[in-house]
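The hints should help you fit chain B onto chain A, whose structure is shown.
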Amino acid sequence: MSNATSLQEGQPAVRRPKRWHILVFLLPALLVYTAVMILPLIETLRLSLFNTVDGQPTFVGLANFQVLFGDERWAHDFWNALKNNVIFFIIHMCVQNPIGVALAAMLSIPKLRFVTFYRTAIFLPTLLSFVIVGFIWKLILSPIWGVAPGMLDLVGLKSMFAPWLGKPGSALVAVSLISVWQYVGIPMMLIYAALLNIPDEVIEAAECDGVTGWSQFWKIKLPLILPAIGIISILTFVGNFNAFDLVYTVQGALAGPDGSTDILGTLLYRTFFGFQLQLGDRSMGATIATVMFLIILAGVSLYLFVIQRRMRRYQF
Amino acid sequence: MQARHSIFRTGFVHLALIAYTLISLFPVFLTIINSFKDRNAIFRAPLTVPTPQTFSLIGYQTVLGQGDFATYFQNSFIVTIVAIALVLLFGAMAAFALSEYRFRGNTLMGLYLAIGIMIPIRLGTVAILQGMVAANLVNTLTALILVYTAQGLPLAVFILSEFMRTVSDDLKNAGRIDGLSEYSIFFRLVLPLIRPAMATVAVFTMIPIWNDLWFPLILAPAETTKTVTLGSQIFIGQFVTNWNAVLAALSLAILPVLVLYVIFSRQLIRGITAGAVK
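If you're matching them up, the sequences are chains A and B in order.
Under the working numbering, the first residue of the first sequence is numbered 1, with each subsequent residue one higher.
Under the working numbering, the first residue of the second sequence is numbered 1001, with each subsequent residue one higher.
With the rest of the complex left out, here is chain B:
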């Protein structure tokens, strides 16, 4: 009786989870299959996969021919990678200072850096734009990199300092006795040990940067500095009636996220659930 009850329950749970999984994946799946079909098939049979008769790459040809997607991708890559590198380096250094040394103002400094976790940087946009205009940085990737570095730092410092507290003191003190400077202790002993945490922070930092629309729209809307997110937003806006092109552009924009997610999903989920997932 008990066993049967449990089978029913498990079956029901699987049913519910499969249903929700379908809801999650269906829109993405729909976009991708339709991007490979010709215009008639998109409208006549939106729910079927492309067949040899309906297969068409016309949408991709339009996108790659018209939009400057190679530049957009390049911009997004540069901004994201440089910002992540700066967040990781500066964040780890600050986290090390806060977790390793006792000095006056330590707690205050931690709190000061933590403000940014809760208060979104977007609220300072008016003055950020003003500052970037004054510094002649409007329509440069540097402006975006600076903003995203500042945006990513608070959470990075918070997560990394939690991890740095777990690095053994004996190891660092052994290093000190061997005459290592504080800088070598940080770079040669501590950094390699917190690599897993750095990967988590990198993934966390990356997603909002790659997907952001607000700052590219305000700080760097020029053709040469558009990111993929802004580029596809504008491109799709212009090609609203060309469904092939819209679906192809959407699929191209999904692709890098999908690839990265397949590679890093384990790391990301483990980071969010902070060790609870074995």
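Next comes chain A alone, as it looks inside the complex:
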């Protein structure tokens, strides 16, 4: 709160009466935000340096991290979750974002009809909760119901069907693709807006130079929408490394089969809250949350200080 009080002191240069209303305007938001978001975040980071020794919370330095990375069982779980999370992210980047760009490119074709309808329909899944999305796909992919094998049969590919969600080899890809299905609307919308914001003169100039169609998209439009692609990438990154709900709904807290869909969010939940025979562990929970925080912070910093700075030259 030191910021809130210091802003009252900087006034003498302007010689105005103390402007209490600024404080009044800022205070409610600052209070809630600081008390419920920032302080718990700091407290969580602090807790990761403590553990319970003889029933007393004791400062243990980096010992929790040593356990997380050094103890065989913890390290196995953690690296497994991190690896799965990285794969989860890569699938989003390689499937969700290209599909989003392709859809946006098609929607932004001038004078195309029914654009509003397509846009509205494709964005709909993004609004549904993970619970709904997870269960719908669980039902569709279930071998009991037979919708997925039945539809594959229509195109003669019935032999390709397998209970994807139940096999350790394919479960993570299946869950990632469900998440892609749900979220493709966000990159689509942001890229669509970026494409519409390209000034007409730029496109006209390209057409005068004979650059049209595909080469126009690759050489003119794509470089201009790179900042939007950057924003999408960082949003995807933060969202993916913080994901929990979909895996929890589709595969449960154990993120089965055999931990093959375990990501950092589900690992944090199990560790902190406990599940079945495993007891909840606050210190280790805080430790995992701290690692997640550092991963997200690293990603956001990379984006803000490296990627975004380089992209600025493309902006108008």
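None of these hints come from the bench; they were simulated from the model.
Even glycine gets a Cβ: it sits at the ideal position worked out from N, Cα and C.
Keep in mind that the hints are not guaranteed to be accurate.
To give an idea of the chain B side of the interface with chain A (calculated C-beta under 10 Å), a few residues [unchecked claim]:
id, residue
1, T1031
2, P1046
3, V1087
4, T1125
5, Q1151
6, L1213
7, W1214
8, L1250
9, I1272
10, T1273
Relative to the frame of chain A, chain B by itself:
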């Protein structure tokens, strides 16, 4: 030649877009049509719409008879509406302070509030739960409202202060000359002008709150405080083998989102694309 080429291209684009639209809508459509069928029809012909022979409301009867969905809906409504109201009020006030006045620490304050846009509040869960236990707020809707208000504020302040910069200074100064206090300038002059932005922020704030599973699961899992999302998660988990009930519960959970989307889709899409869509 050119025209023909263009017709082909347009046709192909429509084909691709229709295909993807089907992929988007099909699972939702499938769930809803099957929720109105009897058990045999669900399995024998999952892809057909209900006919008079196969029509059945048994799933809905089970859901409404067993699960306490009325309470869940009520909880979700209270949490979402109060949190949105607080986010809008506090967010607009803070945004006004940041965009209207020049004071020392202004930029710093803006950055401080912006941290929450990128760093998810979920990472502080361990300490949030601890705090809520200490404040005796576990299993109350207040806990959820506080968390969601904090979660929604950063983006609200960011979007609203962008909009407030566009409100004309002349108008506010005219108000000041007429002797309006800073509070009346905010409430009577500025707020009405940024109503469209407030609607956008409201929709943005609403979706993650309504759909959240993490915080209800951790902070308010009691029967009396369950939200719809958590309620249907647990209900469906228990009725896994009763397909009628599962499909009906899913359809009921989709319904409010669908209705709101039909009403607000324009507002929402315009908000995301920030004025690019005419």
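So, going through the hints one by one against the coordinates:
1. T1031: It holds, given that the least Cβ distance between T1031 (chain B) and chain A is near 5 Å, below 10 Å.
2. P1046: holds, 5 Å
3. V1087: holds, 9 Å
4. T1125: Holds - the Cβ of T1125 (chain B) comes within 10 Å of chain A, reaching about 7 Å at its closest.
5. Q1151: Given a least distance of 7 Å, the restraint on Q1151 (chain B) holds.
6. L1213: Cβ of L1213 (chain B) sits 5 Å from chain A, so the hint holds.
7. W1214: This interface hint holds because 6 Å falls under the 10 Å limit.
8. L1250: Holds: closest Cβ of chain A sits about 6 Å from L1250 (chain B), inside 10 Å.
9. I1272: holds, 5 Å
10. T1273: Since the shortest Cβ distance to chain A is 3 Å, the answer is holds.
Violation of the numbered hints given earlier is absent; every hint is satisfied by the structure.
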